[in-house]
Structure formats: C-alpha cells, structure tokens
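Protein sequence lines correspond, in order, to chains A and B. Under the working numbering, think of the first position of the first sequence as 1, with each following residue one higher. Under the working numbering, think of the first position of the second sequence as 1, with each following residue one higher.
By construction, these hints were calculated from the structure, which means they are not laboratory data. Possibly wrong hints are sitting among the right ones.
To be verified - Result set (SDA-like, lysine to any residue): computed pairs, CA atoms no more than 20 Å apart in a straight line:
1. A:K322 / B:T100
2. A:K319 / B:L99
3. A:K6 / B:F139
4. A:K788 / A:V719
Said to hold, decoys possible - A short, non-exhaustive set of chain B residues, derived as facing chain A with CB atoms under 8 Å:
5. S41
6. D56
7. K83
8. F88
9. E103
10. K112
Glycine included, every Cβ here is placed at the ideal spot set by N, Cα and C.
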Amino acid sequence: MNTMFKTYLKTAWRNLLEKKGQSLLNIGGLAVGMAATLLIGVWVYGEISYNTEFENYESIAQVMQSQTFGEEIGTGVNQPMQLAPVLRNQYGDHFKHVVTSSFTNPMLLTVGDTKISRQGNFMEPGITEMLSLKMIQGTRDALKDPSSILLSRTTANALFGASDPMNKTVKIGTNMQAKVAGIYEDLSKNSEFGNLTFIAPWELLKTTANFEERVGWGNNWFQTYVQLQDGADLATVSNIIKDVKYDNIKNGDNPASIRTKPVIHLHPMKKWHLHSKFENGVNTGGLIERVWLFGIIGVFILLLACINFMNLSTAKSVKRAKEVGIRKTIGSVKEQLVIQFLSESLLVVTLAFMVSLVLVALGQSFFNDLTGKTMGIPWGNPFFWMTCMGCILITSFISGSYPAFYLSSFEPAKVLKGTFNRGQGASRLRKGLVVFQFTISILLVIGTITIIRQIAYVKERPVGYDREQLLYVPINTSEIMTNFESLRNELLQSNSIKEVAASDVLITGTFITNGGFDWKGKDPNMSEEFNTLRATHGYGEMVDWEIKEGRNFSREFKSDSLAFIVNETAVAYMGLENPVGEYVKWGTNGNFKIIGVIKDMVTQSPYDEVRPMLFTLHYGNFLNFINIKIGKGANTRQALSHIEAVFQKRDPESLFSYTFFDDEYARNFLNEERMAKLASFFAVLAILISCLGIFGLSAFVAEQRTKEIGIRKVLGASVVGLWKMLSKDFILLVILSSCIAIPLGYYYMSNWVADYAYRIEISWWIFVISIAGALAITLVTVSFQAIKAAIVNPIKSLRTE
Amino acid sequence: MLLQLNNIFKWVQQGGKRVFLLKDINLQVEEGEFISVMGPSGSGKSTLLNVLGMLDGFDEGEYHFMDESVHSLKEKHRAELYKQYIGFVFQAYHLIDELTVYENLEMPLLYKKIKGSERKALVADMLDRFSIVGKKDLFPTQLSGGQQQLVGVARALITKPKLILADEPTGNLNSKQGEEIMELFKKLNQDGVTIIQVTHSEKNAEYGSRIIHLLDGRKVEG
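Please put together the full structure from these sequences, using the hints given.
In structure tokens, the structure reads:
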C-alpha cells in the first residue's frame, strides 16, 4: 500500500510538472484562497478568544443599567457609585467581589522628570483578585491601601527603567499621588483590560474629587464589575438585583430621576466583546454578527478556490478517463482510484497550503491594517497546526471528491474504445459551480459598492457648523478654568487665533444627556431626555452655527447665565410654537429662557438622526475642553506653537496635546471604512479566484474544441465569430449569476443600510455597475483563450488526426 | 475448458428499437487455444472481446469462466476474476504516460498487492524476457510504437494470466513490428497461454489455431 501511495503521488507530481501553467493556476488560486481563509480564521479566533485569558472568565460580569427615555430603552455600563456598596452589603452572598471603577483613560504619570501618559483606571481593590493579576512584585492586597498604585510591567519600565519602582511615589494627573505597591504582568492585549496599564485605588479618586459630597444615585458616572460566587447563576442573581437602583432612588435624594425606570442587570464577561449591543433593553448581538459574516466569507472564499480545483480536474477528465480505463483493466478497483484521486488533491492542497503560509506571512501586516488589530499568526501553537492539518484534509476532500468519485466510476470498455460520452453531467455541474462563484463575487461587489456609497453619502452630510481650523486642547488642571479669561486673552494676542471657548463636551460627540425639565404644555408622562452642551461665551460664533430665531449668548446680558439656545429638533420635541422667550425649568438649576433657535447640527454620530439639544452658558467646573479657532489664512504652525507656549506656561505639569476637529470627526468613519476596505479586499479576492477558474476552464474548452474550431475555420468561420462562440457560454453563466445575485444583494444590503438612520437608497446603478464589471472581467479573461484558439492555423489542429 | 459462452445476446435501445451488438453467440475455448476473431467494422468483434474480458456486460445468456458463472457474479467478484486470469493488449497500447516503462509494468502487481521484493523480481524478469532492460526508465512517449506494444504485452503478461485478450494488437504498427508481435504471441501460446485476438489482417489471423468470423453480431461459419 505504501508503494502504491508513492506511485499515486509520483503520478500526480508528474501530472503537475507536465502542465506547469495549469498547475500554477490551480495551486496559486487555492493558495490565495487558503491564505485569506487562514487570516480570517486567525482573526475570528482572536475575537472569540477575547477575554478568555482571565481565570474567572466564567464568573465575571459587568452591571448594566437600562433606562427608559420616551419610547426607547437605553442600556449602558454607567452606574452611580452608591451601587457597589449596596450590592456588597445587602446581596453579598451572591458575589465574591463587587468593584466600583472609573473609566480607563489616558492619565499623566510623573516620577521626577519623567512624564508619560498611560491608560489606567481607579478601581476598588477587589479587581486584583477578580482579574487574577500576576504579580511580579508586591501582592494583590496592596491596592487596599488608598495611597498605593499598581503598575503594569511595561508602565513600570517606562517610569523607572532599571531601578526598583517599589515604594516610589508617582504623581497621577496633577493632583494625586500614590506609592508603587506592586507590579503586575501586562494584561493580554486581546482583552477588555488590555489597556489597563496602571490601577490606582478608587478611594484616592473619590476623596480627591470629593465625590462623596456631590454625586448621588442619579449620577451615572462610574462602572461596577462583579464576580459571582461559585455556583451562583448569573440570570438568577441578575433578576434578584434588578430593582436595587429603582428602590434606592424612590426612597432617596432625587426621586425625580425615577421616571427613567432604571433596571440593573448583569452582563457576563463572555458576552462583553461579541454581544455588546442592546436594543430596547435586550441584548441583541454585536460584533458576533461580523464574526459570523467574515467567517462565512472566509469559508466561501475557500470554497471558490476548491471549486476551481474541482472544475479544472473534471475538465481534465477526458484525458484522465483513459488512465482510469487502463488502470481498471489492469486490475484497479474503484476504491483504489478514489484514493488515488484524493491523494492527488492532497498533494496539490498541501503545496497550496505551503504557498499560502508564505502569502500569510507577507500579507499579515496588510491584513492587520484592514482589521485594525495587531494579531500574529500563532506559529508555535500546536492547536493552530492541528487546525491547519484539519483544513488541509477537508479541503483536499472537498476539492478531490468530485473528480475522485466521478472519474473512478468510468467504465473502462467505453473510455478505451472512444465511445465515451464526454459527460453532460460533469459539464452541467461545472457550469453550476461557475454560477455559484460568480454569484458570490457579484454579491461581494454589490456589498462593497453599497458600503462605499453609504460612507461617502454620510461624509457629504452637511454638519451645520464649521470645522475648519478648529481644534481642542483637553483641560488637565482646574487652574486653567479659574483663570480662563486671562488664558483666552493671552491666546487671542496672536492674531492668527480667532476665537477661544471652553466646553464640557466636543461638538463632534455631545454624549451628555439630561432629564428633569419642565415647560409649558409638556406631557406630564413624558420622560424627556436632551443632549446638552455647556460652553463659554463665543462658542456659537466660533463654530458658526446658524441662528434661525432669536440671538446668540451675549456678554451684555447678565441673564444669559440662565438661558438656553436650542436646536430645531428640540423645538419640535417640546412642541413649542414660539420657542424664543419661553421658559424651561431645569430641576433645581433654575428657570431657563430660550433666547435662540439654531439650525440642526450633526453633533453625534453622523449616521443617526439629530437629537434634541440644549446649549447653555457655563464657566468653572465640568468644562473639559478648550476649543480654539485658528483664523482663515493664518499660519497654522505659528498658531499651534503659540497655543503650546501658552498652555506650557499655565499648565507645566501636563503634557500638551491638541486635536483638530477634522480628525475627531473622521473617527466616525473608522469602523465603516474598515468594513469597506475588508469588503473590497474580499470582493477582489473572490473575483480573482473566480477569474482564475474561468481562465483555466476556457483554456480547456478551447483545447477540447480544437478540432471543431479547425473545421469551422476551414469552412470559413471568422476569428470574431469563433471568439463569440467560445465566449458566449461563459457570458451566459455570468448573466445567470447576476440574476441570482441581484435579489440577494438587494435584500442583504437593504438590511445593512437599515441600521443607519441617515442612509442611501440602494439604487439600480449599483447593480448595473457590479454586473457590467463582472461581465467585462469575464469577457477579458475568456477572450484571451478564445482568441488564442481562434487564430491557430486550422492545418495544425486538424493534422493531429 | 477455459470458458464457455451460451446464447449470449447484447443490445442497445435506439429509437425504441433493439439494435443487437451480439446475437446468440455460442463459444467454447479450451486452454492453450489461439483464436483469431475476424469481421468487418461494426460486426461486434471488440464487443465480444470486452464481454469475454468482463469489461462489458451482456443482456442475455450465460458465461462460464473456469467453472465460475460470470453472469451471476457481482461486479467486484468479476473484477477479481479478470484481474487474476486475464491480461489485455490494446491497439493503442494504452500505457500510462506519466509512468516509466518500469512503473507501467509494476502497476498491475501493485494492484494485486504483491510484495516489493517479489515485484522487483517479476518486473526484472519481464524486462529481461522482452529485452527492454535498457528502456526501463523511459516514458512511453519516448518509445516507438513497436516498443510501446512490447511493453503493453509485457504488462499484460506480468500477472501470469491464463488468457490474453488482444484487440488489434498490431493495428498501429508497421508490418515488421506487427510481425514481431505476432511471433511473440505464437511463442507465448506455445508456452501455454490462451490467446484471443481481434484482427483485420488475414495474415495475422493465420497465427491462430482457429478463426471465428462475425457479421452483424452473429457468428458465421467461415
């Protein structure tokens, strides 16, 4: 048997060498397909194994909060800081750890002259056990001391280099200090806490920021993580604690906020990454959809490559049939032939796999660019190689099965005598497979064009304000705001700077919402929610919003400290006929007069509809950004160095940084553009592979019909006529594929754009372009072989008889 | 007796009518015979040969081969039977182009699962017997037609069959090469191998000890 196998491989190898061009096509196509599938596979594995490195992966959960705003239920991670103590004290039986945490943000860490900005968080001490931190120095207990800080190995190295960091003092931001009490091994980048490069005690932040006095159950400013007790059931516990917040508000300090009917629930760690989307309070999916989509595309691309292999081998069957006949007459049974053909495909697939590894190594960084991930191929992981082996076997089987079972069933008497029918069945199957390939390819092209169109459409959406030469500097120290006027004046001394205004949120993302408003004619049952932006004087002029009614905030009116400027959507939302001059009561903050209405601006996701917005004047605390407008025609570099000099002087402790709003706005498109790039990448691959397929196939057809072409030429057929004859079949197949791809594409892409409130119509020309493109590419591919066959001198092709 | 055909019929349906390829064929072949089958094109010579070789079935009648009833055997057993006792020689040689002379000769032995050492000995013996040792590493396309047919015959003989079925073995050869092949057959027959050959040539037919004439699927007395 061993020798037999060797002979099979030998025959296969010689077959490959004999037809070098075809073999190259075959192996190349398969290798490209395998490489793509391999990359996708590694990506999918990365996404699925996200967070799994944590020992307590199964028992960690985040406490979520669902609140009702009008018709909608919004779900988020934000929690009041009062929640964790209640869970710990009253429901402690269910939890091993309950941890209040702030948000992981870049913070300035200072040791002596070394200043670095690092991502980190303020968390309660239970987090160290929860995440099973691998301590290099110190213990997990160390965080219990509110003046301690834990550093990741990388952060410690960056701050202290070779010297021992333990017990050294680190300044956090501008107003906190802590002693290094432990060093932990960096957390996996492929996890929610991958950017947690230092952990400071929650107590430290709470005391420094004086939260105890100023934040209540209504301030959802923090996060709460829990680890369940062994054996506790997540759903059960989630159900037990669901009314904790509601009950505490009802009896607490701010009963008004009860209108949002807060429900808290647990979201397990294993769902954080892939199932993060909540719609109307229900966990509906998330990234998992994309994992499935890409997984399926990966399998399809491999399938397309397998189809090429199958088609080329069945096309070769006329020649192979003779061999099957001979082998059968000299004693081979069907099973042996099946094994022979399968081992041939094993050989080809293995070769293709080796080539694909080279392609993967070359294409990895490109693919990482596309996905925005930094994943490596786990060359050293035996599981990876086992999966690859499995894939090789499956691919060989799929690619080899049809030729194996089809060819091996030939009857020797017929093939050898030449009465052998050239296999209507095989050619029909071949056509079916080509149709399948082109359906997939055209679908991907339709998808790509739709995505690109949608992005372009949203990018062209008028935002309603002027972003040009507008930038912001984050505020790191409260001193900046105490002396805001003098800072502003100093900045304005440079005539390249046109305006300076501070705000609490950025105009590209006004995520702060508020409730508790009342106005004339308001429906008492309405649980209203407005997005709000607080800013200093001149903000409106700076962003150049368009006043439709009324006026801007003005320094001349002292009463403007209790005034709103609202957008058109807010007017409609409140149902006001003559908004300017109306009063809106805002909880205990006072009675605000509407002094102006502005045209709607895009201040949240440009894919969504504009939400009702209120703008107020504000100075002092809560302002986080200094917005600066550089004048038209001014020298940007000079302006920036001026800005930097001013900030360096006033806040020497912090690292100066600035961001242009153009770049900030562009972030809205990162995700979609990535999607578009990936889709184009897959579409190009699918087309490439399909074209390789029909290229090979048309060569065979031309070869098979050599004699016919010769006879036709002798009888007077023109080259053009022959070219038409040879191309027609393939064109028909592509047209058939289009007929299948159009309804599917329309259906899927309609569903896709339906996710966006601001979206394109799926227009007919997208389909026309996709199909025309597919036809053109097919025509070029097929014509190459067709014309080659058509211009051969007929004497040559007929002489072989 | 080696084989016996009783009232063999074979037909195909064409436009609702039966077209007979073989009609009521009766034939007895004793071991050691050398039979030539003759007849015009389309008379059923090759069909008869394929039926004898068990490569093709028939619709009616009985076929006994060495006391086995071929007509009632399963496909697999039939294959076993012809693998063991029958060798085929073709007009177009039908060697496997991708394999060398040596490998072509070895192929039937591999299918019979004969061990390596014995296989080597058998192939070496055959190369020697047909004086083609020097050509063992060549591919079929590097040989002349006569040499290819020599390999074809050697391949048919290597499993030591009782019966050789040859379908116009000299059809593609020039007269000198053809004569050599026929002399070879004659010698094999003298060594005890039963041979049935299909031929167009009166001269080659004369090598046989018996000639069967076919016309339109029927045996006619020549």
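Taking the hints in turn, this is what the structure says about them:
no., hint, verdict
1, A:K322 / B:T100, "holds (17 Å)"
2, A:K319 / B:L99, "holds (15 Å)"
3, A:K6 / B:F139, "holds (18 Å)"
4, A:K788 / A:V719, "holds (10 Å)"
5, S41, "violated (13 Å)"
6, D56, "holds (4 Å)"
7, K83, "holds (4 Å)"
8, F88, "holds (5 Å)"
9, E103, "holds (7 Å)"
10, K112, "holds (6 Å)"
Figure legend: structure checked against the earlier numbered hints; the only hint not met is number 5.
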